[in-house]
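Trainee: Kindly produce the complete structure, drawing on both the sequences and the hints.
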Amino acid sequence: MSSFNVYIGPIHPALKEPIGFTFEVEGEKIVKANVNLGYNHRGIEKLLESKTWLQGAFVAEHVCGICSGAHHGCYCQGVEEVLDIEPPKRGLFIRTISWELERIHSHLLWLGVFFHESGFDTLFMYTWRDRERTMDLFEELSGRRVVYSLSTVGGARRDVSEAFLSKLKRQARYFRERADFYERLVLNDTTVLARFSNVGILSREDALALSAVGPTARASGVLKDVRYEEPYGIYEETPFRIITRREGDALAKTLVRIEEIKVSAEILEWMADHMPGGDVKVKIPPLAKAPPVEVISRVEAPRGELLYYFKSTGGTRPYRVKIRTPTLANILPIIKMIEGGYIADIPIVVASIDPCIACCERVTIVDKDKGEKKVIPKRELIRYSKEWFKRNLKELRGERL
Amino acid sequence: MKEWGFAWREAIRRLVSKAFTVQYPFVSVEAMEGYRGRIEYYMSKCTGCGLCALVCPAKAITMVKNDKIKPGRRMPVFDLARCCYCALCAEYCPSKAIKLTKDYHLVGYRKEDVKAKVIE
Amino acid sequence: MEVREVEEVISTVEEGAKVEVDKWGRAWVKISHSKLKETLKALRDKGYTHLSAITGVDLIDDNILEVLYHLLPERKDLPYLTVRVTIPRDKPVLPSVTDLFPVALLYEDEVYDMLGIKFTGHPDLRRLFLPEELPEGVHPLRKDFKGSIYKEVVK
Amino acid sequence: MKRSLWAFHVNTGGCNGCDIEILDAFTPRYDVERFGILLVGTPRHADVLFVTGPVNSKTASRLLRIYEQTPDPKFVIAVGTCAATGGIFTGAYNIAGGVDKVIPVDAYVMGCPPRPEAIIDAVVSLIRKIEGGGNGGKGS
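Protein chains in written order, with the numbering used here: chain A, 1 to 401; chain B, 1 to 120; chain C, 1 to 155; chain D, 1 to 140.
By construction, these hints were calculated from the structure, which means they are not laboratory data.
This one's a predicted model, so the numbers in the text were calculated from it and none came from an experiment.
Hints are supplied without guarantee of correctness; some may be wrong.
Claimed, not checked - Result set (DSS-like, lysine-lysine): computed pairs, CA atoms no more than 27 Å apart in a straight line: (1) A:LYS289 - B:LYS96; (2) A:LYS283 - B:LYS102; (3) C:LYS23 - C:LYS46.
To be verified - Estimated spans, in silico, between C-beta atoms of each pair: (4) B:VAL27 - C:GLY25: 50 to 60 Å; (5) A:GLU236 - B:THR101: 37 to 47 Å; (6) A:ASN188 - D:ARG34: 26 to 36 Å; (7) A:GLY27 - B:VAL16: 42 to 52 Å.
To be verified - Which bits of chain A does chain C cover? Going by a derived footprint, with three or more residues having C-beta under 8 Å, they are: (8) 224-233; (9) 287-300; (10) 314-327.
Heads up, the beta-carbon is just placed ideally off N, CA and C, and yes, glycines get one too.
Mentor: Laid out in structure tokens, this is it:
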């Protein structure tokens, strides 16, 4: 069986970000997979070395548009430790509201793209319509729908009104109902079940060995969540339960993320009731000087553990800032999950780790040219995978259900 | 579909409920209170201190010599094609001379067409 | 936090290694680069199974390159540990730890690309996310790197 | 041009905030398909290129290739301040600092990211400009 390379990307219609895949296939089976990135690298770490401590927060939030709140909050939390500032509790509450609301919006966005990649476009429109409510909440809370720059070094930049908090509680209940609806849908729809279960399985040992993070690891039974291991900010007090499953396939990843929408909704409701009074931030001078110190700040972004390392040698600018994004840790698990699968599973497995390429412009393994090349645009890949799936539904049903 | 009733109910409920689409250009849509859009700069209040240019993360504000405020004083010029609309300048301006309005129609055929609103 | 336990494990490999804990409960330890692999192996068997990240820092004033290995323990009573290793700036070579932590394949690729530290024994060491046609000695996160890579590559 | 515009979306290394706002414009609330704008799979079927991101060193050649693959008459809309001048990433070592350094651009939508309504504004004004006889593609 001669094997040839299937190239997808780097610029791809359904793939919102530039990422290059090369799959070495023999017939339908994928023998080897390589990911080729670097198309999204802007040199932010070097740029951060030329920004002051305060400005850096607003550059760090542009690492990724979907999890900008996580990057922004993680940077501000780290710099508060560097400058030894204690943000007021109300400011921390507002920052955590932006974290949890962003987890709901990011998971809903992922659910829509995941349904779209496996061919259910109506569900893509349904989920993204529900997501519009989080965008309205963000616009009211922070003044902008995406990249909200809500917190700053020393707390939060805007206060929340009582009316907003009651609206937040109503919307949190709505998100829980929608999460129930999608969970029942995913568990009852035979085509969704057949498409997602036993696809791209990541065993617990592989997840541990490859240091996978976030829902990808939790779906394989690995108890890893920064809010659980090392509760930062106000996560000691909020009601939090870690969600894990054992199967490790795409269905388990979907259910873990849908369940996490409910957990985030519960946290939002709890926070709306227990919001403390007081002011919102401690104002710092724009050219604040920092003592020579090293700090690591870790936050649970929607895709996993996000780590910022600061090194300051005294002065108004950081000496070195290291950003390790969650998607970077989940790239090797893609290759482990996809080898041995079919071409039709490529879109599902790749989307199942919720790759945020803007986050992780760090990984590339260049392929080895063997055999002739064949380029499939992704839209045809989805159409092809739907047809291939219909043809083999009966025989597959036996194998997968 | 083992239990397909609820999905049909959802579809029918969506069918009968009001359309979710906002017919945008024919229906005018206002951004919410506190939206950070086009910059409004009040030249009368400005003292030319340059704190906004110092604090801007995108280096979008340049201080330009301008005698309108006081002879020999410098005035900030906002490059909206570089600005990241974070409103740090408005927050740190001591004389509250900068405000970000709700105007989000920042479209132009050339980069220079999108300008900040300068009020004497 | 069982800092004594961690110190015993490390001192089995290298005597006199002192673990400092900063006021946020993070443990930092400095070891010589020749003992890197054994220390990481001992720590991994102890419970530090998750390698969070590898950070490269260019301390140009003391003419050394510093590499930090951030380790996350499985047991909640062990502190979050960072192992620090320094190598001379003109001879940037370190043993690769991909056999202990497979995920290091990515992190070491990044540190090589950004700082030019060669990891011996790394299965696939190459320029990670900068264009391949970039000349050998250009490593942007070095303090003496000025200018733009875009202008060099795209005429 | 009487037919409806077909769009192709190119992300050249931005933070994907503008990309999800462009995608948002296709979801039920804004629904740009009312104007017949469709997101197509390849640049060969496209009339409008939505370009986001400050063009980093590896995507520059791809962007140029895509621009040449798009059949004439073609129009380019640079969405977001990154696509206009590199925005918040000015000074980073791996970016060109704007899409117009690689291909001619017809319309700019500022904002970081711009609202879907602003993107609809740009497309509608572009349609009006085309019907007004302007043949675009030359940055006219």
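Trainee: Are the hints correct? Go through all of them and say.
Mentor: Hint check:
1. A:LYS289 - B:LYS96: Answer holds: LYS289 of chain A to LYS96 of chain B is near 25 Å, not above 27 Å.
2. A:LYS283 - B:LYS102: holds (25 Å)
3. C:LYS23 - C:LYS46: holds (24 Å)
4. B:VAL27 - C:GLY25: 50 to 60 Å: holds (55 Å)
5. A:GLU236 - B:THR101: 37 to 47 Å: holds (41 Å)
6. A:ASN188 - D:ARG34: 26 to 36 Å: holds (33 Å)
7. A:GLY27 - B:VAL16: 42 to 52 Å: holds (49 Å)
8. 224-233: holds (count 3)
9. 287-300: Coverage by chain C holds for the stretch 287-300 of chain A (5 residues, Cβ < 8 Å).
10. 314-327: Per the Cβ count (4), the hint holds.
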